[in-house]
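Letter by letter, the chains look like this.
Protein chains: 2
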Amino acid sequence: MSVDQYRATFRGCPINASRHKPESIKATLQRLADATGDDEQIDNYGRGELIESFEREVAALLGKEAALFMPSGTMAQPMALRIWADLARTDYVALHATSHVALHEHNSYQVLWQLKGCELGESHRVPLLDDLKAAARDPLAAVLLELPMREIGGQLPQWDELVRQSDWARAQGIKLHMDGARLWQCPAAYEKSLADIAALFDSVYVSFYKDLGGIAGAMLVGDADFIARAKVWQRRVGGTLYALYPYVIAAREGLAQHLAAMPERRDNARWLAEQLNRLPGVTTWPAVPQTNMFRLHIRCNPPIFLEQGVRWMQQHQIGIIPPPYRVDDDALHCEISVGNAFDLLTREQWQEWIREFGEAMLTDNQ
Amino acid sequence: MSVDQYRATFRGCPINASRHKPESIKATLQRLADATGDDEQIDNYGRGELIESFEREVAALLGKEAALFMPSGTMAQPMALRIWADLARTDYVALHATSHVALHEHNSYQVLWQLKGCELGESHRVPLLDDLKAAARDPLAAVLLELPMREIGGQLPQWDELVRQSDWARAQGIKLHMDGARLWQCPAAYEKSLADIAALFDSVYVSFYKDLGGIAGAMLVGDADFIARAKVWQRRVGGTLYALYPYVIAAREGLAQHLAAMPERRDNARWLAEQLNRLPGVTTWPAVPQTNMFRLHIRCNPPIFLEQGVRWMQQHQIGIIPPPYRVDDDALHCEISVGNAFDLLTREQWQEWIREFGEAMLTDNQ
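Same order as they appear, the protein sequences are chains A and B. Take any residue in the first sequence, count from 1 to its spot, add 1: that is its number in the working numbering. Take any residue in the second sequence, count from 1 to its spot, add 1: that is its number in the working numbering.
Just so you know, not all the hints are guaranteed correct.
No copy labels: a pair is met if it fits in one copy or bridges any two.
Said to hold, decoys possible - Derived SDA-like pairs: lysine to any residue, alpha-carbon spacing no greater than 25 Å straight-line:
no.	residue 1	residue 2
1	Lys-22	Asp-39
2	Lys-22	Glu-41
3	Lys-27	Glu-349
4	Lys-27	Glu-58
5	Lys-134	Pro-304
6	Lys-232	Arg-8
7	Lys-232	Glu-152
8	Lys-22	Val-233
9	Lys-232	Tyr-326
10	Lys-232	His-101
11	Lys-22	Glu-50
12	Lys-232	Asn-341
13	Lys-22	Arg-8
The hints are simulated quantities; they were obtained by calculation from the structure and are not laboratory data.
Required output: the full structure, derived from the provided sequences and hints.
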């Protein structure tokens, strides 16, 4: 039984514990057509009221001067670092070992963007002020901080610690860039507004298709000069598309639909982690989620778990444990990010299915 | 009267001599929803039958092994040149002065992609074999040839000349890359198939939103090894989007709808140029279009022409002369690319409107 088959079965379940309710392409396009005003005009190479008004909306939400819609975060983030590097006349940038830039972009920040990466802290924990100070032995242009840190289960630094890091970086003339792909999860955790959090940073990247259920797309947010520079780089990198409206409309709808629900989803994530931690062999990371997401360590015989899991999902049409991102000899590693798919069942129903799942899957599998 | 006002008025006309019939965002999204099968699955980071089957379709159409859907040509073309440069272990590439790469990308091929550009021929004419030989005094990895050459009125090299250039480049071990943004116009001009033309090149970029009426998007086409390398670079540059389906579906529909009409549109372009050349002060470039597009030189007093043009279009709701891309003291420079908007009137009707336009606009304006 392959992970691919498990993944396909999980995604085929009409009810999933992780992410959003499934929606067909046809239904999404129909929904976006319905959500579009009769007189809304096509954007053209980044210009036009449709895209510019949404950029203004997100900039205002984050308390910044300007914003620029981008096709992807992989495009947006090294671009932000390149801008800060050019202004500082140094190519050094500090980033955590689990940063998307370091892990998932084929070293683009080095090979294409000609930046030099400096280590920031240790891979299993959030960076601390002392880690920033250690990285700054090289002449840093910028520090990239991810909030929340996806690869370590959505952990966040303590608020006071984050403020200290921001104060220190400002005093050094080092720019702080936020990987805010899932920034939408942070206000509930910090009890601060999006603008309060963004105020600690010089530039912010946010994503529209993860928490917010868009099709794809991202934004860079910062001051007017930073965004003016980003527009030139966006053209250079081929990200100034002839039209971006399907992504813009989906992002706009997603923001309107999902943002207000983020605190409740965080509560659901904490509740869900508590339930799953009661199953034999299951441990969440962190034990109590700080945000809307967490990771799972499942002690099991992976081939047996995957095979039984496919059968269980086929029988019940419910996906509880997402496909593993890592398979060890004696364990699976998975990730849950609570979206609106969780709302398809009540907590009582989830509790019952989790108990049933644990009995079927995990009791004689230790 | 500004060019922007003229442009807005031209675009607001329900009938235009250039490009395609206007369609609202809402109508486009609705049309794409209708064109999507109930069971079509969302693509994910470039994978999935929806996107892969369309890549296979276009690769087959061009007689190549493989293809890769891209958000933009600005992303695709320097990427192709970078791949050839890496394989050849030299950064020199030859490109015409009017190449999109040289003119419209803020020198991305140098600044971001770290390529070195060599001049290729003269800016007002198609490159000849001797121009390739002259450029090859530097150790060239690749030569970029645009078919047809947009900035010089859609001109094409003679077929035999193109074959000689291809033969010579192959013999030298220099790769030929085609900017085929408007390749769809070439079969009628050469009386050759798309595959015949693409066979002269090692890599081809095609676009889906110009002749074919898609939303945005492009493809790189070549052999399997080239496309495998392009997939890595696409990830690096941030072009491997979480989902591309709105562009893919629009491109697929556009290819099905527009490709067969390209020869007829070339005939219409030649007929239209003939009519316009009869107007006082109007000259097309070339005098007889080779493809579906041409440029216009209009001898006039530009402020007066623009003001009268707006009034004429407001009165008749027909746009004949597109907004100028260049304004001189005594002339306007415009471009017409014949799409399906031309089909909204018969040739007889166009002839009558062109005569009327000439009388109103150009007779006392010389």
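Compare the structure with the hints numbered earlier in the document and write down the numbers of the violated ones, lowest to highest.
-> The structure conflicts with hints 3, 5, 8 and 12, although it agrees with all the remaining ones.
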